[in-house]
Amino acid sequence: MTYSIVAADHEKRLWGVAVASKAMCVGAHVPWGDAGVGVLATQAWHDLRYGSEGLELLREGRSAASALQHLTHGDPDAPNRQLGLIDAAGRAVSYTGSLCLPWAGGMSGEHYCVQGNLLAGAQVVEAMAETWETLDDLPFVPRLARALVAGDEAGGDRRGRQSAAIRVWRMDPTSRRDAVDTVADIRVDDAELPVHQLARMLPKLWLEYGLPDEAAALPLTGETRTRVATTLGVAADADVQAALEGRANELNLESRLLDGRIDPTVLDVLESGEDAVLERAADRIPAGFWPA
Amino acid sequence: MTFSIVAWDGDSGSWGVAVASKCLAVGHAVPWGSAGIGAVATQALANLAYGRDALALFGNGASAEEAVRRIVEADELAAQRQVGVVDAGGRAATYTGPDCLPWAGGIVDGEVAVQGNILAGEQVLTAMLAAYREATGQPFVSRLVRALEDGEAAGGDRRGKQSACVRVWREGAAYGGGLDVAVDLRVDDDPEPVAELGRLVELHDLYFCRPEPGTLLDLDDGLRQEVVAALTALDYEPDREGFEPAFERWVGTENFEERYVAGKIDPRVLEHLRRQAAAVPG
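Note that the protein sequences, when read in sequence, are chains A and B.
Read in numbering that gives the first Met the number 0, the first sequence has 268 at position 269, and its numbers run on one by one without any break.
Read in numbering that gives the first Met the number 0, the second sequence has 86 at position 87, and its numbers run on one by one without any break.
What the hints contain is simulated information worked out from the structure, not anything from laboratory work.
Here a beta-carbon is modelled for each residue, glycine too, at the ideal position from N, C-alpha and C.
One should not assume that every hint holds.
To be clear about the criterion: a stretch of chain A counts as covered by chain B if any three or more of its residues have a C-beta under 8 Å from a C-beta of chain B, and this derived list gives those stretches [what the hints assert, rightly or not]: (1) 16-29; (2) 47-61; (3) 73-87; (4) 200-206.
Just chain A, with the same shape it has in the complex:
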């Protein structure tokens, strides 16, 4: 019915789930997580309470293995359930109940686990694991997406395709009052090629929700100021910053705004247009995708 990868990037402090299924809106049910706590995927004959209770157990300080044992112990339906989880320390466990429909199974590695049921075969989770391990130079979100694509291409859910989702949390809670700890949350609820559709959203996700590249940001002075003013249609001695903020709001680029400087990607969008920037990002999502 479903296959998923649950993974953590210790260095960037990002924890996430990527999942696909021949069932509608899998993203509304399977992925759960919280900053400072951990993440999990509950699937097969899933029980949404495994999500909230699983997080509660991790919040109490239990390890992934202990939380899993606690959830399945005393649950008469445990043989029908499947679960992958990673605690805040990065320890991953994967569980497949003995009655999950074949092919069903999972495996865990360092800071990740993959699992699925009603799959074309073991090659689905193997392809996901191999892709995840191999692509360790990719930013976290595209790396999750690539693992999911590998599972899809290895046969995926043997009943077909319908929905897919990626959710990613920062593991160190943000100090910003106005933000939440979900750094990526995209879904395809019903489509013929949900995994590929999801992967196609990544450049937009990067552009609209990504953070500015602080190291490469250009001061809004001199030639840069003239270029920005020209694209905005204002005089260089006008309030360029205010005009820039207005345009950034319209372009959904407000998360990339800086005071007195401009993110090179924002300048690129102003000068080349959104489509051109997205097309370039489609080949390779630039590094610095949600820096920790």
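Given chain A, put chain B in place with the hints provided.
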């Protein structure tokens, strides 16, 4: 950037939010809610703490107006925010900061708040309210989406269309019964997000609701022959494995368990089967 409706439905004891925007994945940020507590849409320069904080205030008994006043007072960027809420008792309130990009505003009408910014004009909001009221008697989720449809038809987000979402909370409503999320549907990136959301609402009903007993069709000889032919076209083997086992297997594959009644077929399931068989090449 966004237009939304936040409402309480006394008939079903539900709280809901529907929202559409020219941005990617509007559903991940704007709608917040909890059964018995309230619902929130936080938008414009969206402050996601508004969702959390308003629900916490409702949980402590705050009214819609009081909660909005308190979260706005505590936020130094409030001039750029927009928020609509309904509280535990179904009272609504809406707030639009003076620096929200035009056209921006909100309307409260009883247990409903509609609000939006970067809109074609106020007519978007009046159209939403009118659609919601006209759809009285329909399921709550359908009324919310009807409001989005008419808001969009009235001009919607003046920058264009990209994503939409509807969420409904009701006590014990979730699949399996443990949680309160009755509906959670999203269209994150689509040229016609509101129409697509309407299609998802239909589909959600098809998968998760029981059939109307009076509409079930008897699988008499003629209908049964048609179903056998369709299943065979879809690579099932009713002649070899038996009719009921093959049909049940298809029902399981397509997630129509809720609509399965032995010896009968739900006309909506039949329609799905017909469409699927007709799409088989050759």
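* To do: Apply the coverage criterion to the stretch 73-87 of chain A and chain B: a residue qualifies when its Cβ sits closer than 8 Å to a Cβ of the chain, and three qualifying residues are needed.
  => Check failed, 0 qualifying residues.
* Examine the stretch 200-206 of chain A for residues whose CB is less than 8 Å from any CB of chain B, and state whether their number is three or more. => It holds, with 3 qualifying residues against the three required.
* Quick one: see if chain B covers the stretch 47-61 of chain A, three-plus residues with Cβ-Cβ under 8 Å. => holds (count 3)
* Verdict on chain B covering the stretch 16-29 of chain A, where coverage means 3 or more residues with a C-beta closer than 8 Å -> holds (count 7)
Hint compliance for this structure: hint 3 alone is broken.
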